[in-house]
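Student: Residues per chain, in single letters:
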Amino acid sequence: MALTGLDIFKLLPKTNCKKCGMPTCLAFAMQLAQKKAKLDKCPDVSEEAKQLLAAAAAPPMRLVKFGSGDNQVQAGQETALFRHEDKFYNPTVLAATISDKLTGTELHNRIEAINALKFERIGTKIGAKAIAVINESGLADAFAAAAAAVKNQSKLAIILVSDSPQAIAAAVSKTAGAMPLIASAKMDTAEAIAKIAKENNCPVVAKANSIEAISQLSEKIKAQGVEDIVLTLDGMNLRDQMFNLSRMRVLSLKKVFRPMGYPVISFVKGTSCDQQAAIATSLICKYSNIVVVDTVEPGAWLAMLTAVMNIYSDPQKPVQVEPKIYPVGEPNENSPLLFTTNFSLTYYTVESDVEASRVPSYILVVDTEGTSVLTAYSGDKLNEKIVAEAMKKFNTENLVKHRKLIIPGYVAVMSGKLEEATGWEIMVGPRESSMLPKYLQEVWK
Amino acid sequence: MPVPEVADSFSGSVTKITLGAAKAGGGTRTSTITVGGSRNVVYGGAPDNAGERPVIAMDVLDICPDDWPDALVEPYKDVLGNPVAWAKKCVNEFGADLICIKFDGIHPDKGDKDAEQAVKVTQDVLKAVGVPLVLWGSGNADKDNQVMPKVSQAAKGENCLVGTVTQDNYKALTAIALADGHCLITHAPLDINIAKQINILVSDMGFPLEKIVTFQATGALGYGMEYAYSIQERQRLAALGGDKMMAMPVICDVGYEAWRAKEAKLVDAPAGWGTVQDRGPMWEATTAICLLQAGANIIRMRHPTAVAAVKNFIQQIWQ
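Chains as they are written, first to last, in the numbering used here: chain A, 1 to 445; chain B, 1 to 319.
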């Protein structure tokens, strides 16, 4: 829970010594509360006050990192239950499993299949972020061998999944430097696993079958000196799991209940690829920071990763596309030229309908600060000058031979002025983008 | 350290609404569907506050669609253009909770069929299946005003869900739906203020709030899904806060939107995207699952594989 300036003031020496650069301790406390000053500027603050202030300043949900180098991932430090309240910060880390029963070519191919789960959407690269090595064999040697193979063959972050401290120790020794996430410590193995985690500077998963048990377990692990903890619910049906994950989110964020103040990992169980994707999607939305699936089906991954992208986009910021000319199909100098706004939702709808028309076209995206056609027009972010300038800037004169511009039906009213401003013939397109295929096929001809 | 209590109690709840009328209710439906009733956010509090299970309305078009991707045509290839056989297939083989007759064919640009044809489709489908119906216009205001009142009359007493009405065009359909005893879909373009406004407008005409379902417009996964998602979450919070004008159950149009997405239908997709046969149903199912997390009550869907995946998920949560 954030402390107020007055709360902090009570913890300061109250000497008004000015050594911090502030005229009074109260002024300094106010700066601290606004996070504009650092406590170490005060030379006389007590150890006790330091600890209290540090604890209060910690985010309600800890940020946990694992993996190494450019492929290190981070999970947690969320602040909201609903994305519209703020935004979700650290996109769900999606991981795929590898059984340690696999060896040789099978193991090699499985790792390659996971490495290949990479896509590009709206100019952003998305993909699998981690590999969970599962100790299905029950053998420490096999587990360590599979972990070593993953480390050699993939740059992705590693999650080591075993209940056996011996197997974990063996695998950690083979993945030194890669900072794997150790999954999992249970009540009876907490000390042994926490010891391995501490010695190797790895984060560790606390696994139990109830919120009460998990909170005891995370306290126990923390008492062993491990701060980077991830929580997981074990042995629950999907319904109970979802309800408990929501309760955990509330406990960490609204109650600032420290034993729950960690990110969550969930392992998806499901017989088919379809079911796994459905459950994973639910966990992405409500409230798993790391989700592990068995499927490596690219179609399922593309859908799950897109869901992460959508849910973790900033709701305060309209998603924009870059203002420029977008060719659809393979247009030439005789192809139609349409304009729309740079609100991504508007653009993608128009793009998909132009594509559906099978008429190769150019779409001129005008910068309207990410607003839709009607909003932009009523806010004067879309007028004949702005369109004319965009046409000039992107050199539409040399792009097409004809002098015809198709405009959104909703701004038919601007056609007169636009014609004057550009000298081009203005063709009023349909109001609804879904009518574009018909328009391009019939009216354009 | 003892785990603190999380006491989320809300003064309001989502309205419970029953669709379809059986014999006792003056209709001919063999089953009715009740949705809504949630007294908490999705997965909030105890499972018995979650309300009624969400349901799936499968789309049946009044005409043979000419722009469906092959992967979507495949499961329906023997019934497209035959709404009766199509509806039966959805109910008997794919387990549709509701049938949504989408009157694309009356649109001036998509066939311009007259009211007579729309009425016949409605009557035939009513006879062919026992589940409640959703009757959804073409989106062309003038044509919907001509045709949809007659469709409403043809289904009088069946307690269908008819729509949609918008803030610019609501009077004709609202009046007739009221007279014929149907429920009504109010439609806003991803704008929570307009959503409330249209509910006020139709209730000012005397339409009962407890017979309204809201449609906030739907974005497909990757194409604005998150806008609908957040509006639905805000709507649920408003309902729980006691706002009667925002307490209606929510319907989403996932089938149409998801199958417009490039990812769902692109045949010559980049390598590593998986097969087009799997991608479309996956896109539709994932869109639906996301919107369920934000509190959707009725989901319009198309591909049977996607429907099966979503039904399986719903089954696990609403045991």
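Don't take each hint at face value.
[To be verified] Derived pair list, reagent style DSSO-like, types lysine-lysine, alpha-carbon separation capped at 30 Å: (1) Lys50/A to Lys101/A; (2) Lys87/A to Lys150/B; (3) Lys16/B to Lys324/A; (4) Lys269/A to Lys174/A; (5) Lys113/B to Lys125/A; (6) Lys244/B to Lys438/A; (7) Lys155/A to Lys118/A; (8) Lys381/A to Lys196/B; (9) Lys16/B to Lys118/A; (10) Lys262/B to Lys438/A; (11) Lys196/B to Lys445/A; (12) Lys186/A to Lys198/A; (13) Lys262/B to Lys16/B; (14) Lys65/A to Lys254/A; (15) Lys196/B to Lys87/A; (16) Lys150/B to Lys286/A; (17) Lys324/A to Lys286/A; (18) Lys381/A to Lys311/B.
I should point out that these hints are in silico values taken from the structure, not numbers from a laboratory.
Student: State for each hint whether it applies.
Tutor: Evaluation of the provided hints:
A hinted pair counts as satisfied when its Cα atoms are at most 30 Å apart, and Lys50/A with Lys101/A does not qualify at roughly 50 Å. Under the criterion of a C-alpha separation no larger than 30 Å, the hint pairing Lys87/A with Lys150/B is inconsistent with the structure, at around 46 Å. Restraint check for Lys16/B and Lys324/A: not satisfied, since their Cα atoms lie roughly 48 Å apart, outside the 30 Å limit. Between Lys269/A and Lys174/A the CA atoms are separated by roughly 28 Å; this keeps the pair inside 30 Å, and the hint holds.
Only pairs whose Cα atoms come within 30 Å are accepted, and Lys113/B paired with Lys125/A is rejected, the gap being roughly 46 Å. Proposed proximity of Lys244/B and Lys438/A is contradicted: the alpha carbons are some 41 Å apart, above 30 Å. Note on Lys155/A and Lys118/A: the hinted pairing holds, with a Cα-Cα distance of about 13 Å set against a maximum of 30 Å. The hinted pair formed by Lys381/A and Lys196/B meets the criterion: a straight-line CA distance of about 27 Å does not exceed 30 Å.
Distance check on the hinted pair: Lys16/B and Lys118/A sit about 44 Å apart at the alpha-carbon level, beyond 30 Å; violated. At roughly 19 Å between alpha-carbon atoms, Lys262/B and Lys438/A fall within 30 Å of each other, so this suggested pair holds. About 42 Å separates the Cα atoms of Lys196/B and Lys445/A, which puts this hinted pair outside 30 Å; it is violated. Restraint check for Lys186/A and Lys198/A: satisfied, since their Cα atoms lie roughly 16 Å apart, inside the 30 Å limit.
About 36 Å separates the Cα atoms of Lys262/B and Lys16/B, which puts this hinted pair outside 30 Å; it is violated. A hinted pair counts as satisfied when its Cα atoms are at most 30 Å apart, and Lys65/A with Lys254/A qualifies at roughly 23 Å. In summary, the hint linking Lys196/B to Lys87/A is supported, as the alpha carbons are separated by about 24 Å, within the 30 Å threshold. Between Lys150/B and Lys286/A, the direct Cα distance comes to roughly 44 Å. Violation of the 30 Å bound is thereby established for this hinted pair.
In summary, the hint linking Lys324/A to Lys286/A is not supported, as the alpha carbons are separated by about 37 Å, beyond the 30 Å threshold. Using a Cα cut-off of 30 Å, the hinted pair Lys381/A and Lys311/B is violated, with the two alpha carbons roughly 44 Å apart.
The structure is inconsistent with the numbered hints 1, 2, 3, 5, 6, 9, 11, 13, 16, 17 and 18, although it conforms to all the rest.
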